[in-house]
Each structure stands twice: as C-alpha cells, then as structure tokens.
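Residue 1 is where the sequence shown starts when you use the numbering used here, and the numbers rise one by one after that.
Be a bit skeptical, because a hint or two may be false.
[Claimed, not checked] Ranges of calculated distance between the beta carbons of each label pair, as one might list FRET restraints: (1) Leu16 <-> Asn58: 15 to 23 Å; (2) Val28 <-> Phe57: 44 to 52 Å; (3) Phe57 <-> Ser34: 38 to 46 Å; (4) Glu41 <-> Ile21: 45 to 53 Å; (5) Met1 <-> Ala52: 48 to 56 Å; (6) Leu24 <-> Ala44: 41 to 49 Å; (7) Leu43 <-> Ile3: 47 to 55 Å; (8) Leu16 <-> Asn39: 43 to 51 Å; (9) Leu12 <-> Pro51: 47 to 55 Å; (10) Asn11 <-> Leu43: 44 to 52 Å; (11) Phe59 <-> Trp18: 30 to 38 Å.
The hints are simulated quantities; they were obtained by calculation from the structure and are not laboratory data. Positions of the beta carbon are idealized from the N, C-alpha and C atoms, including for glycine.
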Amino acid sequence: MNIFFREMKANLKSLLIWGGIVILFVVVGFSKFSAYEGNPELLAILDNLPPAMLSAFNF
Numbered sequence: 001m002n003i004f005f006r007e008m009k010a011n012l013k014s015l016l017i018w019g020g021i022v023i024l025f026v027v028v029g030f031s032k033f034s035a036y037e038g039n040p041e042l043l044a045i046l047d048n049l050p051p052a053m054l055s056a057f058n059f
C-alpha cells in the first residue's frame, strides 16, 4: 500500500490536471446538449432520416 500512496503523491499534479480536463469536457458536453435539446430544426432533420438509421440510433 505504501507504493500506491507514494505514486499518488508523486503524480498528484498530473492527476489534478487530467481530472480538471475531464470535468471541463463533461461540462462542455452538457452545455451542448442543453442547446440542442429543444431545437425544432434538429428534430426536423431527425424526422427525415431513413428508418434503418433511426433503428441504428435507437430512436
């Protein structure tokens, strides 16, 4: 267990940077979803897709 804590202490800076970047990507993804959620133009595009593609996307 000592090696685990030693490695965590040695790599704490990179762990925090990676964690911050992942959180940033999640926040950006959520903001994009909220922008596209009720968009009537996007819903019209989805309605015009072929049935095979709709079943592939599980719509």
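Identify every previously stated hint that the structure contradicts and give their numbers, smallest first. Numbers 1, 2, 3, 4, 6 and 8, in rising order.
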